[in-house]
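Colleague: Listed below are the residues making up each chain.
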Amino acid sequence: MSVDDRIRRGLHEPAESMDESLERALAHVMARGRRKRLVRRIAVAGVAAVLALMLAATGPLLLRADRDLVPADPSPAPSPSTPGSAALPSGLVGRFRAGFGHPGFEGLSDQWHLRIAPTGRFGVRGTLDGTEIAETGLIRLDPAAAADPSPLILVDALVGDACRGMAGGTYSWGGDDRGLFITAVDEPCEERAAIMTIAAHLWARTG
Amino acid sequence: VSDDDYAWMFRQEYPAVVRTVTMIVRDRGRAEEITQDAFTQLFTHWGRVSRYERPETWIRRVAIRMAVRHARREAARPRLELEGRVSPIEREPDIDLQRAIASLPTAQRAAVALFYLDDLPIDEIARAMGSSRSAVKVNLHRARHRLAELLGEEVSDDVG
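Taken in order, these protein sequences are the chains called A and B.
Start counting the first sequence at 1; every next residue gets the next number (this note's numbering).
Start counting the second sequence at 1; every next residue gets the next number (this note's numbering).
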């Protein structure tokens with residue numbers, strides 16, 4: 001039996017009847033939902049009332065102040081996601097290729113490609129189970145590592161919003177004109193770690 | 001839009017969402033709490049969400065993200081404290097399978113639940129988990145190989 005058959009068969013066994021608990025849960029959820037709706041309506045009404053009072057009291061002042069406003073500087077603020085100004089070390093920049101499995105990734109049989117620009121922008125692409133997948137992200141030097149010879153990099157902006165709200169992952173790396181390895185040191189986001197370590201941490205340089 | 005419509009949606013979707021969430025959090029009681037929290041959110045937003053083409057994807061997405069967050073918080077707790085709580089769905093007959101799935105990392109477990117239990121395509125799993133298609137593929141791939149190893153089964157070439 002294939003593992004897929006085993007999983008499907010095992011998971012699709014008839015579910016127990018939950019009619020009684022279903023109705024209890026429905027009653028509980030609707031009661032809670034009604035309370036929340038009520039609280040929200042009261043809060044909205046309260047805020048509206050306060051705003052109306054404030055407008056009545058300060059409206060003339062606001063209108064006068066509006067006339068005196070100086071146009072703001074129209075130049076946009078720099079984006080926090082702009083690649084860092086410090087260029088990456090040459091050992092980290094370039095095109096790399098990897099393929100074939102390692103103990104945690106037996107099915108990896110196709111070539112995988114990694115390209116890292118000096119700005120830190122990078123892309124990973126390859127084929128998995130017959131499907132092409134690709135991800136992009138940003139690598140920055142760990143500021144703490146700038147003065148420290150131990151090489152650490154921070155990796156950010158990967159895999160949709162799965163890692164949103166989490167700090168960037170920290171990886172150690174080493175590389176020369178032959179290849180590059182990347183290993184997770186402190187990575188709070190599982191999805192990002194899955195992509196970053198997809199090629200057994202070892203990439204052969206192709207350019 | 002009436003509460004009757006909401007009740008109908010609840011009866012249709014609640015059992016399936018509980019089963020999926022149970023696989024992710026590995027605790028039936030906690031899964032019911034999380035699912036009820038998600039359905040409470042649905043109730044408060046029902047006026048808007050009921051107009052969506054597929055409101056059921058909204059509730060599933062909310063519940064799954066809450067479950068994944070909970071499972072990751074639990075995973076960060078000390079191991080000894082967790083051990084007593086890791087209880088696969090014991091009513092299921094294939095206990096070995098349940099135990100094997102319970103041993104997977106959270107993202108892999110969630111991918112398995114959504115792919116095999118809910119029969120969702122990869123794109124929808126990615127949307128539900130707030131992840132990318134690539135990450136879902138990788139997690140599913142690793143989960144299948146790990147489960148095959150634990151269960152002594154073979155891995156076929158492609159799952160979709």
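Calculated from the structure, these hints are not laboratory results.
Note that the Cβ used here is the ideal one computed from N, Cα and C, for glycine as well.
Treat the hints with care, as some may be off.
Stretches of chain B that chain A covers, calculated by requiring three or more beta carbons in the stretch to come under 8 Å of a beta carbon on chain A [stated by the list, open to error]: (1) 3 to 11; (2) 49 to 57; (3) 121 to 135; (4) 149 to 156.
To give an idea of the chain B side of the interface with chain A (calculated C-beta under 10 Å), a few residues [to be verified]: (5) 30; (6) 44; (7) 46; (8) 66.
Colleague: Does residue 44 (chain B) meet its interface restraint, that is, does its C-beta lie within less than 10 Å of any C-beta in chain A?
Modeller: Status holds, d = 5 Å.
Colleague: Checking C-beta pairs, does the segment 121 to 135 of chain B have three or more residues closer than 8 Å to chain A?
Modeller: The restraint on the segment 121 to 135 of chain B holds, since 9 of its residues have a Cβ under 8 Å from chain A and three suffice.
Colleague: Count residues of the segment 149 to 156 of chain B with a Cβ under 8 Å from any Cβ of chain A, then say if the count reaches three.
Modeller: holds (count 5)
Colleague: Hint residue 30 (chain B) vs chain A: min CB-CB distance below 10 Å?
Modeller: Since the shortest Cβ distance to chain A is 14 Å, the answer is violated.
Colleague: Counting residues of the segment 49 to 57 of chain B with a beta carbon closer than 8 Å to any beta carbon of chain A, are there 3 or more?
Modeller: violated (count 0)
Colleague: Has the segment 3 to 11 of chain B got at least three residues whose CB is nearer than 8 Å to a CB belonging to chain A?
Modeller: holds (count 5)
Colleague: Can we keep the residue 66 (chain B) interface hint, with Cβ of chain A closer than 10 Å?
Modeller: 14 Å, violated
Colleague: Is the hint on residue 46 (chain B) kept, meaning its closest Cβ partner in chain A is under 10 Å away?
Modeller: This hint holds: residue 46 (chain B) lies near chain A, its Cβ roughly 8 Å from the closest one there, short of 10 Å.
The structure fails to meet hints 2, 5, 8 from the earlier list, while all remaining hints are met.
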